[in-house]
Amino acid sequence: MGSNRIIDKIKFGILSPEEIRKMSAARIITADTYDEDGLPIPSGLMDQRLGTIEPGQRCETCGNRVGNCLGHFGHIELARPVVHVGYAKLILKILRSICPECSRLLLTKTQIETYKKRKEQQMKIFDNISNRLVRKIFKDARKTKECPWCGAERHKITIEKPTTYYEEIEGEGSRRLNAMEVRERLEKMIDEDCMLIEISPNATQPKWMILRVLPIPPVCVRPSITLDSGIRSEDDLTHKLVDVIRINQRLKENIEAGAPQLIVEDLWELLQYHITTFFNNEVSGIPPARHRSGRALRTLTQRLKGKEGRFRSNLSGKRVDFSARTVISPNPHISINEVGVPMEVAKILTVPTHVTDWNVEEMKQLIINGPDKHPGANYIIRSDNRRIDLRYVKDRRKIATTIENGYVIERHLKNGDLVLFNRQPSLHRMSIMAHEVRIMTGKTFRLSLLVCTPYNADFDGDEMNLHVPQGEEAIAEAEFLLKVQEHIMSPRDGRPILGGVHDFISMAFILTREGSLYDKKTTFQLLEWGNVFKHNPDFDLDDLQPVVTDPEPLYSGKSIFSTLLPNNLNMKQTSNFYTKTEDGKELDYPNNGLVEIINGVMKSGALDERTYGAGEHKSILLRISKDFGADYARQFLDDSANMILYIIQDYALTMGLDEVDISKIMPDIKDVIKNANAECNKYIKAYNENDQKTLPIAPGRTYQETLELRIKKILNDARDQAGQIAQLELGDDTHSVIMTKSGARGNLLNLTQMAACVGQQAVRGDRIHRGFQDRTLPHFRKNDLTPRARGFVQSSYRMGLDPIEFFMHAMGGREGLVDTAVRTSSSGYMQRRLVNALQDMVVKNDGTVRTSPGNVVQFIYGDDMIDPSKSDHGSAVNVENIFLKVKNLEDFEEKDRTIRGSRKERLEEADEITTAELDYYDFIEEYEIEYDAESTGKSKKKTKKSKTKTKGKSKKKKTKKKTKKKTKKKTSKKKSSKKKRAKKPSKKSKSKTKKTEKKSKDKLNDEDLQELFEKET
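Take the position in the sequence shown, starting the count at 1, then add 741; the result is the number in the numbering used here.
Honestly, the hints are just simulated from the structure, not real lab data.
Don't take every hint at face value.
Below, computed lysine-lysine pairings styled on DSSO-like, alpha-carbon distance capped at 27 Å [said to hold, decoys possible]:
{"no.": "1", "residue 1": "K1088", "residue 2": "K1046"}
{"no.": "2", "residue 1": "K763", "residue 2": "K993"}
{"no.": "3", "residue 1": "K865", "residue 2": "K877"}
Now the in silico label distances, taken between C-beta atoms and shown as ranges [to be verified]:
{"no.": "4", "residue 1": "P1609", "residue 2": "H1115", "range": "38 to 44 Å"}
{"no.": "5", "residue 1": "R806", "residue 2": "A998", "range": "27 to 33 Å"}
{"no.": "6", "residue 1": "Q798", "residue 2": "L1575", "range": "45 to 51 Å"}
{"no.": "7", "residue 1": "T1182", "residue 2": "S1064", "range": "19 to 25 Å"}
{"no.": "8", "residue 1": "D1098", "residue 2": "A1217", "range": "21 to 27 Å"}
{"no.": "9", "residue 1": "V1597", "residue 2": "D1007", "range": "46 to 52 Å"}
{"no.": "10", "residue 1": "A998", "residue 2": "E928", "range": "24 to 30 Å"}
{"no.": "11", "residue 1": "N1491", "residue 2": "G1047", "range": "38 to 44 Å"}
{"no.": "12", "residue 1": "A1217", "residue 2": "I748", "range": "29 to 35 Å"}
{"no.": "13", "residue 1": "L833", "residue 2": "V1583", "range": "38 to 44 Å"}
{"no.": "14", "residue 1": "V1134", "residue 2": "V1584", "range": "24 to 30 Å"}
Where is the CB? At the ideal position from N, CA and C, for every residue including glycine.
Use the sequences and the hints to build the structure in full.
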């Protein structure tokens, strides 16, 4: 076995003319490609020694056919040397830094020794030379006027893009340096100078940057295609090489024939152009080479660079199997961790399932169903890896009987399968998450509306990708790492990225606001839609206290919503409706402003964006996720969304034109705008008359800037005042105001612009002032500074804009569109560069952040080693919430006892309680009394006294029922059973076990109490 070799480093160099000739399989001398018979012409651009693209032919160099021949390079001997366009800038730097006579670096011996020492130091520390040092060498060399080695005068070198160099000589003007002269200068450079500017003489020599031999790429790199008409169409590179060979041949013939220097130089320049565009057809300074149709040729650089180039598209780009892509549609009825998959997709995408003793019958049925019936199977993979395609099997029942353990059945997707769902662009880790499949009719993927935020998805035609994991390890990783509920907390700032959106927020407010009351039927529906009975089968509507009992019981939305909350959830959060009085006292109940939840019961406030929306750092979802786990958070989000969905269907939140109709108070708004215009005109007049008493100059501002600031403030205040007047007219119960105030969508400014006044339009943050001849539009006088002339729109969207206002409004809107487009591209490119720069940084086991060579970037990740998604919005622990929990803990226990006691009394009154239930309630009472006594260190005597007291109380209650015959019998039975059970703990055979169980340090929960009760009885 050979030893594994690790690549330590890679060195890049330039091929020398000798190496190009050595690696070449053929010298190309003719520009023709195929002869009359359609065969490649020898020594032509499609010479068979360069490889083959025809299925029946063999390569004349290696003897292989198309599939196995990688192709072979050829070469062209150039009649005159030409500059390699890729090294044009480096050649310019070198020419400016070396002597025109001796080609030594224009540095003194002392400077060279100093730089050598600095290089050695850097090599010892970093094993590399910084670009900064090389730039410093070039900079110092350019400062020298005279060569320190031969005394020759240094001349100024300039470049005319892309490859033409000029030398300026004092008194003689500038003269052109051709490629031959440049090569001669580079040829004379010594190895010592080359190494100083980081050119390794072993791998590269400066003279090789001037081409004398051009390598010809293999045929398989530039294949020709045959069109339907039978005509061959050549590749762009072949087209370009034809031009190079023809001009090179003409140049050679003219030189040999002794043609005038002017003709030779023109052909030489043309050869330089063709070779430059062969390497890069997008060089500035020269026109791009084009096809006959006018299309620019795609040459070497264009094939490598950019999004569609070899690196990003072919090498880094991924093409995968077991994936699907289609349009997404909303479905509010599915869970946040589900995705609706069309039946057609489910029949094509498969999951490999191994046949075992436990699933063999199920697998047989899937095989019988086949590929056309769901759930079915598409393929069988036998133990010998032979694949059977069930599309072509006629008797599937027969083949189903032959399957054995170890076979793999590629079955259809079914409900509950785990898949990965992704929307591009993938900007953060929540752009790809794991969902459970739910098969649906239709042809689109279905997605819960609550999970749109992390994907940044909407339903105006967005498409998403679905990937099916194929291995057990991949499925397990998706289950534990990629499930939606595992990503509720954003890694950016620790806020929940999921939450209510739009109508869900509006309706959550309507459900929980003061005065929202629901009858028994609606309450049942809400509880059913919220899955309250599903998660808590023992729940009874009698456990909810109605707010109103006469003429019928009515239940508050707060108490209904509280059934979804965990019992010991405690939080306090202000909402958008929270206000304070002038003396600073809180006003919470009148305006639903203070959301307070104590022991899982919503006491005050109404839900809005702050408490139920996505991205809020003090929302209910965040508290549940942190205190009760991700699965409970998902359940709460699903159940609350379902409950609110019933309100949406029942209440119907709509918005019409009448909601922004304020015709009654329109005169008041017009007065506000009129006064604002008058005030602006006053300051404009003061500005024109230089009246600094009326318009004093603001500190640090010019007089004109002062005027603009004053006018903008007046107009913005007028717009806001108009909005406040409109809001008073609209009222708080208008749907548009509910949407705005609850934070579901929009803001007060949007309402103001719809109903009252659009306001000042701005371009680059200032009033509109660009136009022609000192006016914004021809309808205004020169230097008109009035609000209307500078973009103030006093109409509202409901009333409509006049032509001048419309024009001004379009100017302001256009800036927003352009800005959005520009920011999207620039931020995307910035992220790409950051990802490429940071992709090798890893948090090591010691907590340090290091690069792949091991260099430390941070000693502790993020300077505090805290993952924002695991923290409590930046803090390791939420101390305030812990205090709130402790404060309400005793109240919570007392509440549990009260609820239990009231239920017992209610059942006794209704004569519906069974003996077993009564025994269980009494057992819990005794346990709690004994536990309290032990925890406070009281004596057993006191405990017994308290027991007798409680017994006495229960007896008093029971004596009240002796009016009816039936109840007398039942009560006597209950008493006797209770007395018997009370004596049981005193028995010696069971006393030890009971004492150890009841004297445990931790108080038993309901399940443990139930188990203990069953043991004792």
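Here is how each hint holds up against the structure:
no.	hint	verdict
1	K1088 x K1046	violated, 39 Å
2	K763 x K993	holds, 23 Å
3	K865 x K877	holds, 20 Å
4	P1609 x H1115: 38 to 44 Å	holds, 43 Å
5	R806 x A998: 27 to 33 Å	violated, 44 Å
6	Q798 x L1575: 45 to 51 Å	holds, 49 Å
7	T1182 x S1064: 19 to 25 Å	holds, 21 Å
8	D1098 x A1217: 21 to 27 Å	holds, 22 Å
9	V1597 x D1007: 46 to 52 Å	violated, 60 Å
10	A998 x E928: 24 to 30 Å	holds, 28 Å
11	N1491 x G1047: 38 to 44 Å	holds, 41 Å
12	A1217 x I748: 29 to 35 Å	holds, 33 Å
13	L833 x V1583: 38 to 44 Å	holds, 40 Å
14	V1134 x V1584: 24 to 30 Å	violated, 52 Å
The structure fails to meet hints 1, 5, 9 and 14 from the earlier list, while all remaining hints are met.
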